[in-house]
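Visitor: As a plain string of letters, each chain reads:
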Amino acid sequence: MLKPVGTAGTLFAFFLDVLRALFRRPFQLREFIQQSWFIASVTIIPTALVAIPFGAVIALQVGGLIKQFGAQSFTGSASVLAVIQQAGPIATALLIAGAGGSAIAADLGSRKIREELDAMMVLGIDPIQRLVVPRVLAAMMVAFFLNGLVSVVGVGGGYVFNVILQDGTPGAYLASFTALAQLPDLYVGLVKAVIFGLIAAIVACYKGMNAGGGPKGVGDAVNESVVITFLLLFVVNFVLSTIYLQLVPPKGG
Amino acid sequence: MGVEIKVDNLTKSFGKSLIWADVSLTIPAGEICVMLGPSGTGKSVFLKTLIGLLKPDTGSIVIEGTDIASCSEKDLYEIRKLFGVLFQDGAMFGSMNLYDNIAFPLREHTKKSESQIREIVLEKMDLVGLLGTEDKLPGEISGGMRKRAGIARGLVLDPEIVLFDEPDSGLDPVRTSFLNQLIVDLNAQIDATFLIVTHDINTARTVPDNIGLLYHKHLAMFGPREMLLSSEEPVVRQFLNAQRVGPIGMSEEKDADELEAEKDQDLPPLPPIPMQLEPSSGIPRRSQREPGGWCRDNGVTPPPGSFEANMSMTTKV
Ligand SMILES: Nc1ncnc2c1ncn2[C@@H]1O[C@H](COP(=O)(O)OP(=O)(O)O)[C@@H](O)[C@H]1O
Ligand SMILES: [Mg+2]
Numbered sequence: 030m031l032k033p034v035g036t037a038g039t040l041f042a043f044f045l046d047v048l049r050a051l052f053r054r055p056f057q058l059r060e061f062i063q064q065s066w067f068i069a070s071v072t073i074i075p076t077a078l079v080a081i082p083f084g085a086v087i088a089l090q091v092g093g094l095i096k097q098f099g100a101q102s103f104t105g106s107a108s109v110l111a112v113i114q115q116a117g118p119i120a121t122a123l124l125i126a127g128a129g130g131s132a133i134a135a136d137l138g139s140r141k142i143r144e145e146l147d148a149m150m151v152l153g154i155d156p157i158q159r160l161v162v163p164r165v166l167a168a169m170m171v172a173f174f175l176n177g178l179v180s181v182v183g184v185g186g187g188y189v190f191n192v193i194l195q196d197g198t199p200g201a202y203l204a205s206f207t208a209l210a211q212l213p214d215l216y217v218g219l220v221k222a223v224i225f226g227l228i229a230a231i232v233a234c235y236k237g238m239n240a241g242g243g244p245k246g247v248g249d250a251v252n253e254s255v256v257i258t259f260l261l262l263f264v265v266n267f268v269l270s271t272i273y274l275q276l277v278p279p280k281g282g
Numbered sequence: 011m012g013v014e015i016k017v018d019n020l021t022k023s024f025g026k027s028l029i030w031a032d033v034s035l036t037i038p039a040g041e042i043c044v045m046l047g048p049s050g051t052g053k054s055v056f057l058k059t060l061i062g063l064l065k066p067d068t069g070s071i072v073i074e075g076t077d078i079a080s081c082s083e084k085d086l087y088e089i090r091k092l093f094g095v096l097f098q099d100g101a102m103f104g105s106m107n108l109y110d111n112i113a114f115p116l117r118e119h120t121k122k123s124e125s126q127i128r129e130i131v132l133e134k135m136d137l138v139g140l141l142g143t144e145d146k147l148p149g150e151i152s153g154g155m156r157k158r159a160g161i162a163r164g165l166v167l168d169p170e171i172v173l174f175d176e177p178d179s180g181l182d183p184v185r186t187s188f189l190n191q192l193i194v195d196l197n198a199q200i201d202a203t204f205l206i207v208t209h210d211i212n213t214a215r216t217v218p219d220n221i222g223l224l225y226h227k228h229l230a231m232f233g234p235r236e237m238l239l240s241s242e243e244p245v246v247r248q249f250l251n252a253q254r255v256g257p258i259g260m261s262e263e264k265d266a267d268e269l270e271a272e273k274d275q276d277l278p279p280l281p282p283i284p285m286q287l288e289p290s291s292g293i294p295r296r297s298q299r300e301p302g303g304w305c306r307d308n309g310v311t312p313p314p315g316s317f318e319a320n321m322s323m324t325t326k327v
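These protein sequences, in sequence, are chains B and X. The first sequence begins at 30 in the working numbering and counts up by one. The second sequence begins at 11 in the working numbering and counts up by one.
Misleading hints may appear alongside valid ones.
As the list claims (entries may be wrong) - Taking lysine to aspartate or glutamate pairs in the EDC-like style, the calculated list, with each CA pair at most 16 Å apart, reads:
no., chain 1, residue 1, chain 2, residue 2
1, X, Lys91, X, Asp77
2, X, Lys91, B, Asp155
3, X, Lys91, X, Glu14
4, X, Lys84, B, Asp214
5, X, Lys16, X, Asp32
6, X, Lys26, X, Asp67
Claimed, not checked - In silico negatives: residues of chain X with every beta carbon more than 12 Å from chain B:
no., residue
7, Ala31
8, Leu57
9, Gly62
10, Glu74
11, Gln98
12, Glu118
13, Ser152
14, Asp175
15, Ser187
16, Ile211
17, Gly233
18, Arg296
19, Glu318
As the list claims (entries may be wrong) - If you want the footprint, here are the derived chain B segments under chain X, 3+ residues with CB under 8 Å:
no., stretch
20, 141-147
21, 151-161
Keep in mind the hints are simulated off the structure, nothing from the lab. A virtual CB, placed ideally from N, CA and C, is assigned to each residue, including glycine.
Build out the structure end to end from the sequences listed, making use of the hints.
Guide: Structure below.
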């Protein structure tokens, strides 16, 4: 019954260990660059592909809704807000967790069952500092850039759909950007993406390093890490959005 | 010259499942010990506890005055420098070739130049017969080669204690006997304390100076090789001689009915004690004892045919 609580506790303790190891030198630059490259390479194309329909769906939904209110002049702005604040970070995080995180969990998990991690510790090397810190930082950085990519592609997709399918006027769509959206919306999107990248990487590393019981254990670890990350993401997204809306009053309200 | 490991009252469990309890033994400096036990009795857990990768529930492990079970993280890292460890499948780092794997501890822990490192790495690779495979990745070589590479990596920092986790599992009998010879030769050469964990009876019968038997969640017996090989204690006798008659069943212990049915059966005679494997140089190891010495000192008559050169190594069932 209390097992999930215990897991949450050890996961948090693991996060603190990572935080502590973050400041230990020497920083593993090579591993960081390799991992950034790797995570980017497995996430960029799926992210772009997901972002286009994401932007389009949002444009269609928001556009239709707004028409009923007779507030077409806000269509562009509303889509941008939805993409940048919500869809962007979430799509980024789902892909970081689904593509990047699962690869991290599988990699660390197979090292764990091959006893590579034990061998490292016996050689006096802390796997958290050597392997986990570079992966977490890499995931955060890639999430930051991917979020930018999703925002651009999503807004672009929304624009195309609004103009072509919903007979919006190109000028009005662009001109309405600033009507509701403001700069902090962009920042909160980026902050969210980075935090989601952090969560995805921490959970993946934790699950990978605690894989047990042969190859099946690695499969389970990958599976669990993706599911746990998704659950955490939606909770954290809710909390962050609530805090943000309290702190930064929406524009033009 | 090797250091002593003093294990006292060690108990380990994971959650509610007890792995073993009250294990006490002293692994003498410079000697070869074998810890024997059926699969799943926690031999690997025992090794990992000795190097502080797992914390025991109770008990102490004292090496050079430091208790591994309760010392600080910093002391633990210091103590671990005394160890060389061969993990079950070699535990080579998959992303590095064999050369870099074996050079890894030197690059991490010493300030040696690349040319000095090269000299040491090639020497150790030669020792385990892996010269010429420097550029291979761990995934490209056989299990036996990975194990030997693991031994080479464990040796580069001149350890005082070397732990082997099932050096003989997954190898064919010929490779096993080469590896056993390698272990004995290494001990003769570096005089470190060796602890081998295995379920292979032939290794246990011929390689070590001392044998321990881990069975049914406790240490059934630990002592000189000849003591265990001439022991009449039912579990020790059954396991070391691979016999069916005795308290050990297919799954753990036999039940009362089975034991009752066996009561009148005559125990097969103890097979002869084989000669201990000698270093290939012919120069005895420092800790090596004279064949039959323990039996004579303790007034035990060894089974007939013991200590004859060229005797068959296989045991009759
Ligand atoms: N980290 C761990 N967490 C929980 N149980 C473990 C762990 N490591 C080993 N065990 C359990 O301990 C028992 C002994 O394992 P092990 O030491 O690998 O046996 P062996 O003697 O074959 O080497 C097994 O039942 C295994 O499931
Ligand atoms: Mg084992």
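Visitor: Work down the list of hints and note, for each, if the structure agrees.
Guide: We went through each hint and held it up to the structure:
{"no.": "1", "hint": "X:Lys91 - X:Asp77", "in the structure": "holds, 15 Å"}
{"no.": "2", "hint": "X:Lys91 - B:Asp155", "in the structure": "holds, 14 Å"}
{"no.": "3", "hint": "X:Lys91 - X:Glu14", "in the structure": "holds, 15 Å"}
{"no.": "4", "hint": "X:Lys84 - B:Asp214", "in the structure": "violated, 47 Å"}
{"no.": "5", "hint": "X:Lys16 - X:Asp32", "in the structure": "holds, 13 Å"}
{"no.": "6", "hint": "X:Lys26 - X:Asp67", "in the structure": "holds, 12 Å"}
{"no.": "7", "hint": "Ala31", "in the structure": "holds, 22 Å"}
{"no.": "8", "hint": "Leu57", "in the structure": "violated, 10 Å"}
{"no.": "9", "hint": "Gly62", "in the structure": "violated, 9 Å"}
{"no.": "10", "hint": "Glu74", "in the structure": "holds, 17 Å"}
{"no.": "11", "hint": "Gln98", "in the structure": "violated, 7 Å"}
{"no.": "12", "hint": "Glu118", "in the structure": "violated, 6 Å"}
{"no.": "13", "hint": "Ser152", "in the structure": "holds, 15 Å"}
{"no.": "14", "hint": "Asp175", "in the structure": "violated, 8 Å"}
{"no.": "15", "hint": "Ser187", "in the structure": "holds, 25 Å"}
{"no.": "16", "hint": "Ile211", "in the structure": "holds, 25 Å"}
{"no.": "17", "hint": "Gly233", "in the structure": "holds, 28 Å"}
{"no.": "18", "hint": "Arg296", "in the structure": "holds, 26 Å"}
{"no.": "19", "hint": "Glu318", "in the structure": "holds, 40 Å"}
{"no.": "20", "hint": "141-147", "in the structure": "holds (count 4)"}
{"no.": "21", "hint": "151-161", "in the structure": "holds (count 4)"}
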